[in-house]
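Novice: Here the protein sequences line up with chains B and L, keeping their order. For any residue, its number in the working numbering is found by taking its place in the first sequence, counting from 1, and adding 7. For any residue, its number in the working numbering is found by taking its place in the second sequence, counting from 1, and adding 1381.
Just so you know, the hints here were simulated from the structure itself, not pulled from any lab data. Treat the hints with care, since some could be wrong.
Some but not every residue of chain L turned toward chain B, in silico, with C-beta under 7 Å [stated by the list, open to error]: (1) Asp-1519; (2) Pro-1521; (3) Glu-1522; (4) Gly-1555; (5) Val-1567.
Ideal Cβ placement from N, Cα and C applies to all residues, glycine included.
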Amino acid sequence: MPDTEDPLDLTPVAAPPTKRRGRWRTVGVLSVLVLAVLALLSQGLLHSLNYFETIDQAMSSRAKLGTETFRLEGVVKPHTIDRTSRGASFWMTGGNQEVFVNATGSPPQLFQANIPVVVEGHFTSATSDRFVATQILVKHTATYIAQHPNRVKAPNGTVR
Amino acid sequence: MIKQLSQRLLGPVTLVLLALTFWLGLWVTPPDRVQGNLVRLLYVHPAIAWVALYVSFGTSVIASCLYLWKRTRSVVMDRVAYCAMEVSAVFLALTLITGSIWGRPTWGVWWAWDARLTSTAILLVFALGYLALRRANDDPEVRARRSAVFAIIAAINVPIDHFSVDWWHTLHQGATVFTENGNFLVHGSMLWTLFVSLFAFTLLFFWLLRARYRLEVQRDARYAASLDEALAQRRREGVH
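With the hints as constraints, model all of the structure from the sequences given.
Specialist: Laid out in structure tokens, this is it:
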């Protein structure tokens, strides 16, 4: 039975200040977001949008580059790979130019002749075509071809 | 009738196509000339990235636009935008993880700060930021409006991410499917297995989106019911 002497107070009350709090939270989230994006950009792209220089680019600005460390991209020239206990040395081609790379550290498992690679290091001098690398990265292409595209079935059912 | 049937079949068809993708990818397709068996990640990583960057992020952005447009503004659009962004965040994280697993044996490193990888990481931060932004606002309308605007601004990064391999020198390979001249660089059974995987993971997105949407509807209904219950309880407290 309803209490007539002490009725339920349904007078509207002021809403809690959710908007203002929400605004500050939004500002906080956006600030953290901006800092996170800037941190990622500072690691990746703020100094250079390009991950590497091609051999043509590097050779044309060799005097300017001097012995500065950068990443160089080219294709491993066949029959020039010499694997050593410390790493590998090989000739790398790009455009019409060639660079001799002496790299330390173990090359990636796909490292082989005719494959594009990116090496990180520096020229031995501002006029040299010799490059001392501390890291080899394989830059595989977007082409995918089956390992045995020409295999045929022999009359006896075996695959050649 | 057709709608009900398609909703019922969505899950089973998705599972069958995913199973088909893994069967084709692991047993039917040949090893690659250069990458050998590492190529089998071709049937997982691009499909996950496709869903993360274009399908789910795109769905979220389109729903956000439709929410901001007065004629189509509705809680449905807000929910779709939110749920799609949540799925996108998961798939973006999976994109980076599977890419990293692929990168270690092929490139030789788990991670490289090139334009493609960095812009994808930024997109993941944007997706997480969107989800955080939603939790920062209690007012449903303000929350929906702010997050919709944020999603549209964040979408600027999608074309940057997509074209990064063409605009700059990246360690990440160039486009495999959407090449400039329209030629596919993947051969034979590897190509159509790739397409099966793209279709399977797209269906997986819609299945996840539907499940997440239904969960959101139930959560809203439960919140409304608990509010009604609380009001009723307050009224009963006034009754002796």
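Novice: All the hints need checking, so say for each whether the structure fits it.
Specialist: Consistency of the hints with the structure:
no.: 1; hint: Asp-1519; result: holds, 5 Å
no.: 2; hint: Pro-1521; result: violated, 11 Å
no.: 3; hint: Glu-1522; result: violated, 11 Å
no.: 4; hint: Gly-1555; result: holds, 5 Å
no.: 5; hint: Val-1567; result: holds, 4 Å
Hint compliance for this structure: hints 2, 3 are broken, all remaining hints hold.
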